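Going by my numbering, the sequence shown opens with residue 1, and the numbers climb by one from there.
Everything labelled a hint here was simulated from the structure, so no lab data went into it. Every value quoted in this text rests on a predicted model; they were computed, and no experiment measured them. Hints may be right or wrong, so weigh each one.
List of simulated lysine-lysine pairs, DSBU-like, C-alpha gap at most 30 Å [as the list claims (entries may be wrong)]: (1) Lys13 - Lys83; (2) Lys50 - Lys81; (3) Lys83 - Lys50; (4) Lys81 - Lys13.
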Amino acid sequence: MDLQACTEAIRTKVGNDSGLNSTLKFDCGSDGVVFVDALTAPNSVSNDNKDAACTITISLENLGALLTGQLNPMNGFMMGKLKVAGDMGVAMRLQTVV
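Work out the full structure, taking the sequences as your base and the hints as a guide.
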């Protein structure tokens, strides 16, 4: 799954009101970022590299696995496949979205 496909999948999952009530960034390193602004209504998803309350560092491959259900968020965190910086509460609420 490429970055654009991941962005579209996240946009679909987030919808107009994800309930995250914060900003979140998936940082895939040199492959790019996916930024979720859940402070606005409707929520927006872009590839802008902005500061976020919570940043999840993850490879593009693992992000694709997360979005397709092949990678459980908690297992991914415990196995070191994703790292969370910032507001851990936002990351916990993310499980209801992805």
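So, going through the hints one by one against the coordinates:
{"no.": "1", "hint": "Lys13 - Lys83", "result": "holds (21 Å)"}
{"no.": "2", "hint": "Lys50 - Lys81", "result": "holds (22 Å)"}
{"no.": "3", "hint": "Lys83 - Lys50", "result": "holds (18 Å)"}
{"no.": "4", "hint": "Lys81 - Lys13", "result": "holds (21 Å)"}
Of the numbered hints stated above, none is contradicted by the structure.
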